[in-house]
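Chains as they are written, first to last, in our numbering: chain A, 1 to 259; chain B, 1 to 440.
Note that these hints are calculated values from the structure, not bench results.
Treat the numbers as computed from the prediction; the structure is a model and nothing was measured.
There's no promise every hint is true.
What the hints assert, rightly or not - No more than 25 Å apart at the CA atoms, straight line, and that leaves these computed lysine to aspartate or glutamate pairs for DMTMM-like:
| # | chain 1 | residue 1 | chain 2 | residue 2 |
| --- | --- | --- | --- | --- |
| 1 | B | Lys-207 | B | Asp-138 |
| 2 | B | Lys-10 | A | Asp-78 |
| 3 | B | Lys-353 | A | Asp-58 |
| 4 | B | Lys-2 | A | Glu-253 |
| 5 | B | Lys-10 | A | Glu-223 |
| 6 | B | Lys-10 | A | Asp-193 |
| 7 | A | Lys-86 | A | Asp-225 |
| 8 | B | Lys-10 | A | Asp-120 |
| 9 | B | Lys-353 | A | Asp-193 |
| 10 | A | Lys-86 | B | Asp-432 |
| 11 | B | Lys-10 | A | Asp-77 |
| 12 | B | Lys-2 | A | Glu-256 |
| 13 | A | Lys-86 | B | Asp-354 |
| 14 | B | Lys-353 | B | Glu-440 |
| 15 | B | Lys-353 | A | Glu-253 |
| 16 | A | Lys-86 | B | Glu-435 |
| 17 | B | Lys-207 | A | Asp-193 |
| 18 | B | Lys-427 | A | Asp-76 |
| 19 | B | Lys-2 | A | Asp-58 |
| 20 | B | Lys-2 | A | Asp-120 |
What the hints assert, rightly or not - Chain A residues, not near chain B, derived (Cβ > 12 Å throughout):
| # | residue |
| --- | --- |
| 21 | Val-161 |
| 22 | Thr-224 |
| 23 | Glu-241 |
By construction, the Cβ of each residue, glycine as well, lies at the ideal position given by its N, Cα and C atoms.
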Amino acid sequence: MNAVVETYDLEKTYFLESVVVRALRGVTFRVDEGDFVALMGPSGSGKSTLLNQLGCLDRPTRGDYFLAGRNVSQMDDDQLSDIRSKYLGFIFQSYNLLPQYTVVENIQVPLFYQNARLDDRTHRRCVRLAEMVGLGDRLDHRPMQLSGGQQQRVAIARALVNRPQVILADEPTGNLDSRTSDDIMQMLVKLNDAGKTIIMVTHENDIAAWAKRVVRMRDGHVETDVRNIERTQPSHEANEEFLQALSEILAEEEAEAAA
Amino acid sequence: MKDFWVWWDKTRGTLVLALRSLWVNKLRAFLSVLGIIIGVAAVISMTAFGEGSMQDALEDIKRQGATNVIVNSLKPPDDGSSQRRSFIANYGLTYRDYDQFLLIESVVRSVPMRIIAPQEIRRLDRMQQGRVIGTTQDYDKVNQIELAIGRFLIDSDNDQDEGDSRSMRNVCVLGSNVAEMLFPFEKPVGQTVVLNKHQFIVVGVLKDRMALTSSSGLQEDYNNDVYIPLRTCRARFGETVFIRQSGARGGEKVELHQVTLTVEDTDKVLDAGAAIEDMLSTSHLRKDWAVTVPLARLKEAERARDRYLQLLAFIAGISLFVGGIGIMNIMLATVTERTREIGIRRALGAKRKDITFQFLIEAITQTSLGGAIGVLVGFGGVYLIAWASQFFWGVHVPFLFSRRPVLISAGASIAVGIFFGLYPAMKASRLDPIEALRHE
Ligand SMILES: Nc1ncnc2c1ncn2[C@@H]1O[C@H](COP(=O)(O)OP(=O)(O)OP(=O)(O)O)[C@@H](O)[C@H]1O
Ligand SMILES: [Mg+2]
């Protein structure tokens, strides 16, 4: 298996006025292509800090981080921005859609910063993704007009638009009720089944149970790292359309990549 | 080429975003550019009025002729010697002076004038008061006057058979008002009028001639003038003109009241004027003459306009500066409010310069729209003020729109957007993505 994410002795230290906070104290960690990792641990253990490092939103104080073979721990701000727009997809707890934009426009944002043309093809692709997450009748709605679950589905579509190598999710179901959480997790599992690598922070065992692998952190260390043997299985009949659309989109992507 | 289209997509997207963001906060955006709106509107309307009145003044000067030098006789202030109560004041330009002027190389045309102050002009039982002006055939050319009918004086009108005063040509050209008063029903050309007991044949009538402000600031009305050949004038009216003034009798002996010289080129007008001044100050003991160069007044008027424009630019600069500070203030508030948006964009791949660009475009959009509104308000204000002063006070306020203030306003509005938008935009771009994302 190819490693998509590899960290070696990653450290992150915050130097505050009076104290020094060692949020990460040497994390060595590897995620293979196609894996689905749940990051767990008590509050303040460094889960978000690690995820931000993996998401190239910040540079480590020490250590190396290879994303798909590229050492990103030494890159400058512009290069990191490039990496984020081309290789990473983000899903946040509070959805983080842009209020001025419609559903389709929100999905398109990562492409806006890729220095590529935004033509009819990209627009069609964004529409397809919106339809895939079940918002085909809401294309021109603003985030304010959508429920939390719908907003998170837009965020998922947005995280897919740039064909990322890794999808990073920080408590994606933290603001949702359990039914809606289930819907979202079903989608993530299916994305993973289709080959997408996902790293997700969560507090809840129910949510972590959907993942293939559970990593527990404590005080900036990885404490345990286990395969999930009693994995929750997605129901197949519920998301027939989603699967159908997903496989179509992925097939298209492959055809394009080959051309 | 591809780069251009990529850039274009980005700019267009950013522009659309800027417009939407402004639209969300319509009132706030409007209030924050109010300073710019007022500044630009003031500049547009003030330059329109300034240019308008300047244009009027320039036309006035041009009517006097930009290549002309006008030399007038001037009654010198009473000095001790004239306390002898000599009845006849003897002063002014002489025929000798006139001949001397012709020696100046650049002079192409020279028109002498004698002005016989108000005379009765009669036609049968009708009478009209008017100045009689003795002059030569070139008068109409230097003064750019037009004939309604007939002809102006011609060369041969001033011809003279030596010693034979009876061969004087008793012809005259009437100002429009004189013609109207004396000949309400007939055609004046070919008829006779009586001037100082002599009969004159009317050979032409002038078109209405606009009064213009002379160098002494007096409005001169030319429509009551009667023009006769200079020689005829000398012969029929003599060299001495008697005037009755507040009971006291007096006489003036003035050979020529005015000489209007035309110089071949505007470049040489000022030199010619100076040469004439030199000439007259050596040949005349008293300062009984005055030289007017309309072009010099034109230059002066232009200088006055430049000073006005400088003052205007200064005021505009201050109001734009104040307006710019308003923009900066509002942009800083916007950046704080939209910190989270900045964090999201950074997470999704926006570079620092993308963020700078976005907020800069937003500031520029705001100030340019403000500038555009200001231009429209300025235009509207000018029409409104011009209309209102005509309607309520019957005062004609001249105005003239030109392209320059509009272009300058547009440029200044954009510049203010860049200048005062840059700091907030840079500040936005320096936010840490993680902290920005955490911002509530
Ligand atoms: N910008 C920062 N400056 C200083 N300290 C920080 C900063 N960010 C995080 N920390 C500290 O690093 C530690 C790890 O924080 P982190 O947010 O990664 O925890 P977490 O595991 O995500 O917790 P939670 O489950 O509550 O989200 C905490 O002690 C936190 O106070
Ligand atoms: Mg966290």
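Now for the hints, and whether the structure bears them out:
About 17 Å separates the Cα atoms of Lys-207 (chain B) and Asp-138 (chain B), which keeps this hinted pair within 25 Å; it holds. Distance restraint check for Lys-10 (chain B) and Asp-78 (chain A): the Cα-Cα separation of roughly 17 Å lies within the 25 Å cut-off, and the hinted pair is therefore satisfied. Under the criterion of a C-alpha separation no larger than 25 Å, the hint pairing Lys-353 (chain B) with Asp-58 (chain A) is consistent with the structure, at around 18 Å. Under the criterion of a C-alpha separation no larger than 25 Å, the hint pairing Lys-2 (chain B) with Glu-253 (chain A) is consistent with the structure, at around 22 Å.
For the proposed pair Lys-10 (chain B) and Glu-223 (chain A), the alpha carbon gap of about 45 Å is over 25 Å, so the pair is violated. At roughly 35 Å between alpha-carbon atoms, Lys-10 (chain B) and Asp-193 (chain A) are farther apart than 25 Å, so this suggested pair is violated. About 29 Å separates the Cα atoms of Lys-86 (chain A) and Asp-225 (chain A), which puts this hinted pair outside 25 Å; it is violated. Of the pairs offered as hints, the one joining Lys-10 (chain B) and Asp-120 (chain A) holds, with about 15 Å between alpha carbons and a cut-off of 25 Å not exceeded.
The suggested pairing of Lys-353 (chain B) with Asp-193 (chain A) is violated, with an alpha-carbon distance near 38 Å, which exceeds 25 Å. Between Lys-86 (chain A) and Asp-432 (chain B) the CA atoms are separated by roughly 20 Å; this keeps the pair inside 25 Å, and the hint holds. The straight-line distance between the Cα atoms of Lys-10 (chain B) and Asp-77 (chain A) is roughly 20 Å, inside the 25 Å bound, and the hint therefore holds. In summary, the hint linking Lys-2 (chain B) to Glu-256 (chain A) is supported, as the alpha carbons are separated by about 19 Å, within the 25 Å threshold.
A distance of roughly 16 Å separates the Cα atoms of Lys-86 (chain A) and Asp-354 (chain B); the hinted pair therefore holds under the 25 Å criterion. Using a Cα cut-off of 25 Å, the hinted pair Lys-353 (chain B) and Glu-440 (chain B) holds, with the two alpha carbons roughly 24 Å apart. For a cut-off of 25 Å, the pair hint linking Lys-353 (chain B) to Glu-253 (chain A) is broken: about 30 Å separates their Cα positions. Straight-line distance between C-alpha atoms of Lys-86 (chain A) and Glu-435 (chain B) comes to about 22 Å, which keeps the hinted pair within the 25 Å bound.
Taking the CA atoms of Lys-207 (chain B) and Asp-193 (chain A), the gap is near 98 Å; set against the 25 Å cutoff, the hint is violated. Proposed proximity of Lys-427 (chain B) and Asp-76 (chain A) is supported: the alpha carbons are some 19 Å apart, at most 25 Å. Using a Cα cut-off of 25 Å, the hinted pair Lys-2 (chain B) and Asp-58 (chain A) is violated, with the two alpha carbons roughly 32 Å apart. The hinted pair formed by Lys-2 (chain B) and Asp-120 (chain A) meets the criterion: a straight-line CA distance of about 16 Å does not exceed 25 Å.
At the 12 Å boundary, the C-beta of Val-161 (chain A) falls inside the reach of chain B, the nearest C-beta of that chain being 10 Å off. Even its closest Cβ contact with chain B, about 26 Å, leaves Thr-224 (chain A) beyond 12 Å, as expected for a residue assigned away from the interface. The Cβ of Glu-241 (chain A) lies farther than 12 Å from every Cβ of chain B, with a closest approach of about 27 Å, so its non-interface assignment holds.
Violated hints, in rising order: 5, 6, 7, 9, 15, 17, 19, 21; the structure is consistent with all others.
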